[in-house]
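Protein chains in written order, with UniProt numbering: chain A, 1 to 294; chain B, 1 to 274.
Don't read these hints as lab results, they were simulated from the structure. For glycine and all other residues, C-beta sits at the position ideal for the given N, C-alpha and C. Take these hints with a grain of salt, some might be off.
To be verified - These stretches of chain A come out as covered by chain B in the derived footprint (C-beta under 8 Å, 3 or more residues): (1) 52 to 62; (2) 90 to 104; (3) 195 to 207; (4) 227 to 239; (5) 258 to 271; (6) 277 to 290.
Unchecked claim - Derived pair list, reagent style DSS-like, types lysine-lysine, alpha-carbon separation capped at 30 Å: (7) B/Lys25 x B/Lys37; (8) B/Lys25 x B/Lys216; (9) A/Lys71 x B/Lys216; (10) A/Lys91 x B/Lys25; (11) A/Lys71 x A/Lys91.
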Amino acid sequence: MPDSFFTHSPEWRWWIVFYFFIGGIAGGAFALSALLRLFGQPGDRPISRLGYFIAFPGSIISGLLLILDLKRPERFWHMLIQSETFRPAFKWWSPISVGSWGLLAFGFFSFLAFVGALAEIGWLPRGLSGLIQGSLGAVVNVLGGVSGFFLAGYTGVLLSTTNRPLWSDTVWLGLLFLVSGFSTGAALLLLLSWGRNTPTIRWLKELDTWTLVLELVVLVILLASVGTAVLRPVLFNAWGVLLLVGVVLVGILVPILLHFRPVLGRLTVPSAAVLVLVGGFILRVVMLLSSEAV
Amino acid sequence: MAEPMGFFTDTSVCIGCKACEVACKAWNQLPARNGGKVQLSGISYDNTVSLSGIQWRHVKFIEDFAPDRSTGRWLMMSDVCKHCVQAACLEVCPTGAIIRTEFDTVVIQQDVCNGCRACIAACPFGVIEINPETNTAMKCTLCYDRLQAGMVPACAQACPTHSIQFGPISELRQRAQERLEQLHAAGVTQARLYGHDESILGGLNAFYLLLDEPEKYGLPSNPQLPSRNLAPSAALSAAGAVALGLLGLVGLRKQRMDRLAAEERGQGEGSHAG
Chain A
1 MPDSFFTHSP EWRWWIVFYF FIGGIAGGAF ALSALLRLFG QPGDRPISRL GYFIAFPGSI
61 ISGLLLILDL KRPERFWHML IQSETFRPAF KWWSPISVGS WGLLAFGFFS FLAFVGALAE
121 IGWLPRGLSG LIQGSLGAVV NVLGGVSGFF LAGYTGVLLS TTNRPLWSDT VWLGLLFLVS
181 GFSTGAALLL LLSWGRNTPT IRWLKELDTW TLVLELVVLV ILLASVGTAV LRPVLFNAWG
241 VLLLVGVVLV GILVPILLHF RPVLGRLTVP SAAVLVLVGG FILRVVMLLS SEAV
Chain B
1 MAEPMGFFTD TSVCIGCKAC EVACKAWNQL PARNGGKVQL SGISYDNTVS LSGIQWRHVK
61 FIEDFAPDRS TGRWLMMSDV CKHCVQAACL EVCPTGAIIR TEFDTVVIQQ DVCNGCRACI
121 AACPFGVIEI NPETNTAMKC TLCYDRLQAG MVPACAQACP THSIQFGPIS ELRQRAQERL
181 EQLHAAGVTQ ARLYGHDESI LGGLNAFYLL LDEPEKYGLP SNPQLPSRNL APSAALSAAG
241 AVALGLLGLV GLRKQRMDRL AAEERGQGEG SHAG
């Protein structure tokens with residue numbers, strides 16, 4: 001029996017499934033917005049603002065979900081501050097520790113960008129739009145984009161840095177979640193901009209398609225890296241069927257097909273986006289709960 | 001720092017009396033399973049099932065019978081936290097709740113733990129779980145309070161056959177080696193030590209003499225630290241972030257080129273028209 005089967009389940013269930021999904025979307029959406037701000041055109045701004053409007057609420061919901069998952073939620077601050085000495089609690093080799101600081105950083109930068117975006121559309125004083133424009137905006141976008149990428153990917157690294165079946169039997173989960181976070185972030189942006197057909201939308205569609213191809217490749221490598229001794233008890237069952245149908249077929253292959261053959265007319269793009277989101281969610285469900293079921 | 005202390009559990013003399021379980025529960029004031037209701041597990045004579053947040057000692061009953069029932073034996077083993085020299089739980093704990101004591105043992109500080117359960121997923125032996133009464137992660141403390149008072153841990157004190165022996169690690173290792181040689185001389189060739197040297201997680205401060213392969217006792221043959229996956233996993237993710245960023249940039253550059261080409265075409269047509 002593989003060594004990872006002698007362990008106990010941490011019972012990371014639905015709060016964490018939703019956190020991984022929403023955190024991935026928030027991080028991916030901010031990273032896309034940052035790319036558009038730093039290297040795009042003025043015409044890309046409406047979509048990048050949309051990304052900021054997704055990212056900040058996403059970071060708040062992420063934090064709340066993580067707190068709810070704790071068995072002692074009132075002690076959530078122990079993640080950041082040592083309760084005995086009140087000094088910062090930081091362990092670079094502990095993904096939960098680094099992730100707590102990463103989420104805090106992402107929340108900070110996504111808040112700044114959120115305020116900047118509200119200023120840009122005139123809901124707050126115009127001067128605050130400097131938070132996403134000019135040199136200050138570049139700093140916010142670079143640091144927010146890096147922390148967005150981090151948020152999307154560290155969750156998979158966290159799972160691999162355990163001794164549990166499936167999670168610790170591969171080093172590809174972080175990359176898989178990162179790519180999935182990017183594709184679901186792009187999908188939500190596409191869904192929320194339904195009806196528009198700007199160059200930015202075309203860029204997003206193209207990018208999402210290639211990201212889905214990459215996701216499929218990473219998923220195949222991940223499963224191959226795990227080996228049958230682990231796959232047999234963990235995924236050669238209903239979870240594996242859900243992975244194949246819900247993620248590979250519904251969440252990846254059909255949206256790619258819809259990109260090349262827009263058979264649903266004006267419903268093609270939103271339909272594909274919804275399927276990508278559904279697939280991204282099921283990916284988190286299967287990767288977390290199939291291991292928890294062992 | 002005091003001398004490293006620990007347990008040597010000689011499973012060859014364990015009789016499955018569960019005195020260790022009872023002593024542990026009594027001293028540490030741990031609640032009964034199922035609210036005290038009797039519930040049979042169906043696993044031999046084992047009704048406490050596994051180590052958990054309220055079960056810091058657990059006696060395993062392993063019925064080792066040949067398929068045709070021609071031969072058979074009962075293996076018994078009192079399981080406990082291994083107090084690893086390189087402890088996976090201590091490594092991943094984000095709050096600093098898990099500490100190494102002056103006795104080289106590993107203890108979870110109950111006033112610091114916030115119940116994130118990282119330690120549960122990290123422990124390669126399935127030792128830690130949440131205590132539902134405190135909602136914090138719990139496991140054997142190697143009776144830290146008793147050690148500080150110069151006393152022997154409750155389980156070792158209660159063990160009637162000296163299957164659980166407590167003492168300085170160096171002394172226990174010597175004793176374990178002598179017992180192993182004694183068993184080998186008596187023809188028990190399958191006897192072996194588990195965790196007595198640095199080969200398993202730098203050494204286990206609660207180590208064992210087993211009568212068969214570790215897997216038969218529910219012990220991993222090659223337990224490892226979770227951090228073995230950290231660098232490769234993080235590096236792959238970072239490379240992926242760079243690749244996705246470049247993918248986005250290539251798309252944006254293509255978009256700009258298309259727009260410039262369209263503008264040039266427009267100007268060309270305009271000058272023709274002019």
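Verification of the hints:
no.: 1; hint: 52 to 62; in the structure: violated (count 0)
no.: 2; hint: 90 to 104; in the structure: holds (count 7)
no.: 3; hint: 195 to 207; in the structure: holds (count 5)
no.: 4; hint: 227 to 239; in the structure: violated (count 0)
no.: 5; hint: 258 to 271; in the structure: violated (count 0)
no.: 6; hint: 277 to 290; in the structure: violated (count 0)
no.: 7; hint: B/Lys25 x B/Lys37; in the structure: holds, 16 Å
no.: 8; hint: B/Lys25 x B/Lys216; in the structure: holds, 26 Å
no.: 9; hint: A/Lys71 x B/Lys216; in the structure: violated, 33 Å
no.: 10; hint: A/Lys91 x B/Lys25; in the structure: violated, 33 Å
no.: 11; hint: A/Lys71 x A/Lys91; in the structure: holds, 21 Å
Consistency with the previously given hints fails for numbers 1, 4, 5, 6, 9 and 10, ordered from lowest to highest.
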